[in-house]
Amino acid sequence: MKRIVMSFVLFICLSGATGLIQAEETAPLKAVDISLDQATLKQGLGVFTDVCMGCHSLRYMTWKDLMDYKEIGLNRKAVDELRGDAPLNAHMMTGLSEADAKESYGTVPPDLSVMARAREGKGAYIYSLLTGFEHDPKGRIMDGNYNIYFPGHRIAMSDPLGWLDHDAADEKDLKQQARAVASFLTFVGDPHQLERQTIGKWVMIFLIVLTFVFWLLKRAVWSDVEH
Amino acid sequence: MIKKILDSSAAQWLDDRTHAVQYIRFHLIDYPTPKNLNYMYAFGSIALVVLILQVLSGLFLAMDYKAATLPTGNGFSLAFDSVERIMRDVNYGWLIRYMHAVGATTFFFVIYLHMARGLYYGSYKKPREFLWIMGVMILLIMQATVFFGYLLPWGQMSFWGATVITNIFGAVPVIGDWLLQLVRGGFSVGDPTLGRFFVLHFLTPLLLIVVVLWHVMALHVVHSNNPTGVETSKKNIIPFHPYYTVKDLLGIGVFLIIYSYFVFFNPTGNGLIIEVNNFNPANPMHTPGDISPVWYLTPWYEILRSVPNKLLGIVGMGFAYVCLFLLPWLDRSPVRSARYRPVYRMMLIVFFVAIGTLGYCGHHPVTPELTLVGRIASVFYFAFFFLLPFVHKFEKTKPLPEDV
Amino acid sequence: MTDQTRRALLYTVASGMGAAGVATTVVPFVRSIQPAADTLAAAVTEFDVSTVDEGMMKTIAWRGQPVFVLHRTATMLKDLYGHDELLRDPMSRAIPEVQADWMKTDEQRITRAIKPEFLVISAVCTHLGCIPGFMPTEGQKDWGDVVPINWPGGWHCACHGSNYDLSGRVFKEVPAPYNLFMPPYKYTNDTTILIG
Chain A
1 MKRIVMSFVL FICLSGATGL IQAEETAPLK AVDISLDQAT LKQGLGVFTD
51 VCMGCHSLRY MTWKDLMDYK EIGLNRKAVD ELRGDAPLNA HMMTGLSEAD
101 AKESYGTVPP DLSVMARARE GKGAYIYSLL TGFEHDPKGR IMDGNYNIYF
151 PGHRIAMSDP LGWLDHDAAD EKDLKQQARA VASFLTFVGD PHQLERQTIG
201 KWVMIFLIVL TFVFWLLKRA VWSDVEH
Chain B
228 MIKKILDSSA AQWLDDRTHA VQYIRFHLID YPTPKNLNYM YAFGSIALVV
278 LILQVLSGLF LAMDYKAATL PTGNGFSLAF DSVERIMRDV NYGWLIRYMH
328 AVGATTFFFV IYLHMARGLY YGSYKKPREF LWIMGVMILL IMQATVFFGY
378 LLPWGQMSFW GATVITNIFG AVPVIGDWLL QLVRGGFSVG DPTLGRFFVL
428 HFLTPLLLIV VVLWHVMALH VVHSNNPTGV ETSKKNIIPF HPYYTVKDLL
478 GIGVFLIIYS YFVFFNPTGN GLIIEVNNFN PANPMHTPGD ISPVWYLTPW
528 YEILRSVPNK LLGIVGMGFA YVCLFLLPWL DRSPVRSARY RPVYRMMLIV
578 FFVAIGTLGY CGHHPVTPEL TLVGRIASVF YFAFFFLLPF VHKFEKTKPL
628 PEDV
Chain C
632 MTDQTRRALL YTVASGMGAA GVATTVVPFV RSIQPAADTL AAAVTEFDVS
682 TVDEGMMKTI AWRGQPVFVL HRTATMLKDL YGHDELLRDP MSRAIPEVQA
732 DWMKTDEQRI TRAIKPEFLV ISAVCTHLGC IPGFMPTEGQ KDWGDVVPIN
782 WPGGWHCACH GSNYDLSGRV FKEVPAPYNL FMPPYKYTND TTILIG
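Residue numbers (this note's numbering), protein chains in the order written: chain A, 1 to 227; chain B, 228 to 631; chain C, 632 to 827.
You may find that some hints are simply not true.
Computed cross-link-like contacts, EDC-like style, restricted to lysine to aspartate or glutamate with a CA-CA straight-line distance of at most 16 Å [claimed, not checked]:
1) B/461 to A/226
2) B/262 to A/103
3) A/70 to B/316
4) B/462 to A/224
5) B/262 to A/190
6) B/462 to A/226
7) B/461 to B/630
Simulated restraints, written as ranges between beta carbons of each label pair [to be verified]:
8) C/653 to B/422: 32 to 38 Å
9) B/238 to A/87: 56 to 62 Å
10) C/791 to B/228: 37 to 43 Å
11) B/232 to A/219: 57 to 63 Å
12) A/68 to B/414: 42 to 48 Å
13) A/136 to B/610: 30 to 36 Å
Among chain A residues calculated to face chain C with C-beta under 7 Å, some are [as the list claims (entries may be wrong)]:
14) 64
15) 93
16) 162
17) 166
18) 205
Keep in mind the hints are simulated off the structure, nothing from the lab. Model, not experiment: these values are computed from the prediction. Idealized CB from N, CA, C, for every residue including glycine.
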C-alpha cells in the first residue's frame, strides 16, 4: 500500500514541477516583494491612474470599488478627484479609444484587471516588465520598445516609467513605483484575496479541531473491536 | 439520537409507505463490513462528499453565470465577464467558484486513489466485476463533465482545450466533418458550442449521480472487499454504523482540511487547478504557446499524442479506456489482493508510475525527449493489460490467511 | 469517566461541531443569492426634476422599479386639501415606508415632498405591485366611472381598482392598504435629486 501512495506522491511531484520548466528565451523574472498594505496599494493606484490609465483600463473595477474595498480604502473626496466627470459607478476605463490606440501603437493595449493572474510569474512579471527596458544589443528594436522580459522582446508599450537610461538617483524611486503597480494589480486581479485568507485561517482551525474530535471519536468507537 | 429518530412513529409512518427507513438501515447502518478495512477505503465516502459539494457550488454558480460569447470589448466576452462578476461582486462568489474549481481537481484526485485501492486489493474481481465497470463509467462521465465545464469561463485554455478535444471527433473516418460540426454547432468552437456545453455540464452530473447511486447499491449487494482479498467470516463482520461512519468521518475531516487549504490559500494550485492562461479571454485568432489539458486528463491525452497518426492516436486512447473495462476478465488469478501477489504488485507499481509519467508528459509542450518518454510510458500502460492474462501461470502467490 | 459516557460525549461534541460547520457553510451560499455589490451600487438614481414641465409627470427607474416625478401646479397643490374624509391615512403616519425624516410639518405630511411642487413617489401600488395610471383631472369626465364621482385627481390602479390622490395617498374602501411609498431621496443641488 505504501508504494501506491509513493507512486502518487511521485506523480504529484512531477506535475508540480510544471512551473519550473519554461522554454522561453526571455530573461528569468526579477524577484519582487508584493505587499498588499494600504500605503503600497494607494501608491500603486496613483501610478496606475497617472501613467498606465493613459492607455490601459480596469474593466472590472469601478471608482466606487476604490472606496468599497477596504484594502484600498480611499475616501469619497479622493475618489471624486480621481474620477473627474465619470460617474461613481463607472468602470475605470482609459480615455484612449481602441481605434486611436491601433493607429498609434498598432495594437489595443490589454485590459489590466486580471493581468497579474494571466502571466506566468504574476506580480513579478509586471514588475520585471516595467523595469526591463534596455537598449537592443543588436540595434534592431527602437529604444523604449525593447524589453528583455517580453516574449520576442519587442513590446508596443514604450517604457512607461522612464526606466531606460534613468539616473542612478532615481533607481530606488522607479523600482518602488514598479513594485507598487505590481502590488496594486495583484490586488485588483483577485480583490477578495486578503478576506479569503482571513476566513481561511478560521476555517482551518475549525476543521483541525473537528478532525481531532473525529479522531477521538473513532478511537473510542473502535476500542471494542480487535483489529 | 439517530436511533431515536429512526425508531420514532413518524419514521415508522414514512417507512410503512416508502421503506425509506429500511433503505437507510440497509445502506447506512446495518450494512455488514469486514473489520479490517483501512483508510484507503474512506475515499468512496470522501468522493460522495465532493460530489455533493460540486453539485451545490455548481448550482449556485449557474445562477450568476452567463453562457454567451457576446463580445464586451477589448477581447472580453459576456461569459468571461460573468465569471469575474461572480469573483468580485456576488457575495462570497469567489468562495463558491474556488470551491467548485478546487473541487473538480480534488474529485479526480480522490477517484484516482479510490481506483488505485481497487486495483491493489483486486476489488474488480468476481463478484465485483460490474462494480468496477460502473466505476470506470463514473470516471468517463466525470471526465466528460469536467471537459464541458472547463469551456465555460471562456478563457484561452477553455477555448483551445475544447478546440483540440472536439477535433478528435473530426478524425473519425467518413463522417468526421459531419460529427465535428454536430458537436460544435458550427465550423469552430463558438457561441453555439458554449451554450450546449453549459447544458451538458448540467446533464452529465445528473447521469453521474444516478450511476454513483447505482454503484453504491451494487456495492451493498456484493459487499466490500478487504485488504486481504479473502472472504470474511461472520465473526469479523461489523456494522457500517457506527464503525465506518466514524472512520469515514475522520477521513472526510482530513480531506476537508486539505481541500480548504487549497480553496483559501492556493485556489489556482500553481496552475494545476486554474491555469494561468485561462485568465486571458478566449482569442480564436491566437493559440497560447503551451496548451494541454488539466492534469487529470493528461495521461489519456498523452497516449493520444504518442501515436504519430491522428486516427490511430484516437484509437489508442479509446483502447486505453477499453482495457480498463476489460480488466476484470483480463486478470485470471484466483488471488485478489496484491499483498499476496508479488508479480502483480510489481506490475501495478510500474503501471502507476507509467500513468504518472504519461500525465507529466501530457502536461508539457512537445519535445523529442518527452515524446519518447511518453511512448515508453504508453507501452508500459498497455503492457500491464497484455501481461495480465498470463501472470497467474507463473506467479507464485504467498499463502493466503484463513480469515481477515 | 466510563467508556460509554466518554463515547456519548464525543458523539455530542462531534455532531454539534459538525452541525455548526454545515450551518456556517450555508451562510455564504445564502449571501450569494442576496443582491450583489454591483446590483447594490446601481441602486442609486440621479434625476433633474426641472426636466418635468408643470402639470406633467415622468416615470423614472430606481432599483429597477418605477418612480413617479410629478410637477404639481398651484391648483393641484391646493386640491390636496379638503378630501381627508375619503383617505385612509391622510397624514401619512401608518408605517415608516410612507414617511420620511424630513416630514416635520403637517403641510409636509400632506404634500409629501421636499419641494411641494415636485412629488417624488414610488409608482408601485401597495396592494400587489401594479403601476397605477395617472388621472390628474377632477371628476369622472375624463376617466369614466372607474374613479369615484368626487375624484380629486390622482392615480388609479387598473389591476384591482385602488385609488390614490395627487400626493399618492390611498383612498378608503380600496384593496391597497397604504399610501404610495416614499423613496429615500434628497436634493444635491437646486433641481437635481438623488434617489437611494
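Which numbered hints are broken by the structure, listed smallest first? Hint check: 2, 5, 10, 11, 13, 15, 16, 17 and 18 fail, others pass.
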